[in-house]
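Chains A and B, in that order, are what the protein sequence lines are. Per our numbering, the first sequence runs over residues 1 to 207. Per our numbering, the second sequence runs over residues 1 to 207.
Honestly, the hints are just simulated from the structure, not real lab data. Where hints are given, some of them may not hold.
Stretch by stretch, here's where chain B covers chain A in the computed footprint (C-beta under 8 Å, at least three residues) [what the hints assert, rightly or not]:
1) 51–63
2) 162–169
3) 181–187
All of these numbers come straight from a predicted model, not from anything done at the bench. Glycine residues also receive a C-beta, built at the ideal position from the N, C-alpha and C atoms.
2 protein chains.
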Amino acid sequence: MSKSGAVLVLSGPSGAGKSSLLNEIIDDIGACYFSISTTTRPIRKGEKDGVHYHFADEEEFKQDIEDNNFLEYALVHGNYYGTSIKPVREALNEGKLVLFDIDVQGNTAVNNRLGDITTSVFITPPTLSELKKRLEGRSTDSQEVMDARLKMAKREIQRVSEYDYLIINDDLQRAAAILRQIAITARMKTSSNEVNDFVQKWEDIEQ
Amino acid sequence: MSKSGAVLVLSGPSGAGKSSLLNEIIDDIGACYFSISTTTRPIRKGEKDGVHYHFADEEEFKQDIEDNNFLEYALVHGNYYGTSIKPVREALNEGKLVLFDIDVQGNTAVNNRLGDITTSVFITPPTLSELKKRLEGRSTDSQEVMDARLKMAKREIQRVSEYDYLIINDDLQRAAAILRQIAITARMKTSSNEVNDFVQKWEDIEQ
Numbered sequence: 001m002s003k004s005g006a007v008l009v010l011s012g013p014s015g016a017g018k019s020s021l022l023n024e025i026i027d028d029i030g031a032c033y034f035s036i037s038t039t040t041r042p043i044r045k046g047e048k049d050g051v052h053y054h055f056a057d058e059e060e061f062k063q064d065i066e067d068n069n070f071l072e073y074a075l076v077h078g079n080y081y082g083t084s085i086k087p088v089r090e091a092l093n094e095g096k097l098v099l100f101d102i103d104v105q106g107n108t109a110v111n112n113r114l115g116d117i118t119t120s121v122f123i124t125p126p127t128l129s130e131l132k133k134r135l136e137g138r139s140t141d142s143q144e145v146m147d148a149r150l151k152m153a154k155r156e157i158q159r160v161s162e163y164d165y166l167i168i169n170d171d172l173q174r175a176a177a178i179l180r181q182i183a184i185t186a187r188m189k190t191s192s193n194e195v196n197d198f199v200q201k202w203e204d205i206e207q
Numbered sequence: 001m002s003k004s005g006a007v008l009v010l011s012g013p014s015g016a017g018k019s020s021l022l023n024e025i026i027d028d029i030g031a032c033y034f035s036i037s038t039t040t041r042p043i044r045k046g047e048k049d050g051v052h053y054h055f056a057d058e059e060e061f062k063q064d065i066e067d068n069n070f071l072e073y074a075l076v077h078g079n080y081y082g083t084s085i086k087p088v089r090e091a092l093n094e095g096k097l098v099l100f101d102i103d104v105q106g107n108t109a110v111n112n113r114l115g116d117i118t119t120s121v122f123i124t125p126p127t128l129s130e131l132k133k134r135l136e137g138r139s140t141d142s143q144e145v146m147d148a149r150l151k152m153a154k155r156e157i158q159r160v161s162e163y164d165y166l167i168i169n170d171d172l173q174r175a176a177a178i179l180r181q182i183a184i185t186a187r188m189k190t191s192s193n194e195v196n197d198f199v200q201k202w203e204d205i206e207q
């Protein structure tokens, strides 16, 4: 049976250490595809189209919504954000592990469409005050943005039970070892289509 | 956070190679507890109480049903079979991985009670004719028992999609490598209680 890919969702507050963790494990978990969101918000200084986001105009975006091309999308402060299904499907057909860095709502959407091959992980600092400290340490965010991040973290942590795994990132190496293990296993999920094909074939031979 | 245990359910037809696979991986997956069923059927030659089954009389068994002591139980051909919750809880409190070798119905029951910490795997030979060949090769079963096993396998394979993972055991070493990976990751599931405790503490510190 040639194995198609699988999905690993990573959620958790900005400041949880998702990027650092991914850097630790990325060489050990086989062929991956990082899902890149599409947005209609203006490109900012230092951002690259196709790296940080796919930048699209509103007309294109709305057409894609109509054509059912998004795995999930949302309108936030007047700007659209979404995940195109096409590159995800392509990566899955190539047997890749598709990585999503999305919020709790995004996780729900991905599970609705690709639940059979999805493994979800919520990554969090050990406490809210530790998160606050980390965000202050970065000092790239305004007080306003930081307050919004903390508020969102408080809201999201209430929904941790919707995830397959919870990783408390109090020690990077320890947390990376757990995420590495989960990511390697994530690939072993079999899609409903593959299961159906297998069951079909399993019985045919008996006739 | 001190980690309590988790559950790994193994299902699949007799002849799928579950025991051989477990023997291959058992030294690599940390502290385990094999759940042993309780039954009211008479002990057979070569069987040991507490190894193959816990043997109980019907009165005891019915009392345990009344006391809600079973994770799951069933009446099959006039004999009761069930899984006591108590030793499972004890093993979980000791942080062990509890292994169940149960059928599809048993998997449903375990998931209803312990779904948050349960990982389920269906193991099968590549085809029904291969299963037939393996059962014939063992030659320990009567034709009647073999027919019943094949019939049950046909029924159970229809419900493979209820499992987290499907392992096609066409090569023992390859299948063992996959099961080893899944078993190690299974332990990383966090119980709802642990999640609630964590969320509670996470917020308390902020005040």
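Tested hints:
1. 51–63: Answer violated; 0 residues pass the 8 Å Cβ test.
2. 162–169: holds (count 4)
3. 181–187: Since three or more residues must qualify, the claim that chain B covers the stretch 181–187 of chain A holds, with 4 doing so at under 8 Å.
Violation of the numbered hints given earlier is confined to hint 1; every other hint is satisfied by the structure.
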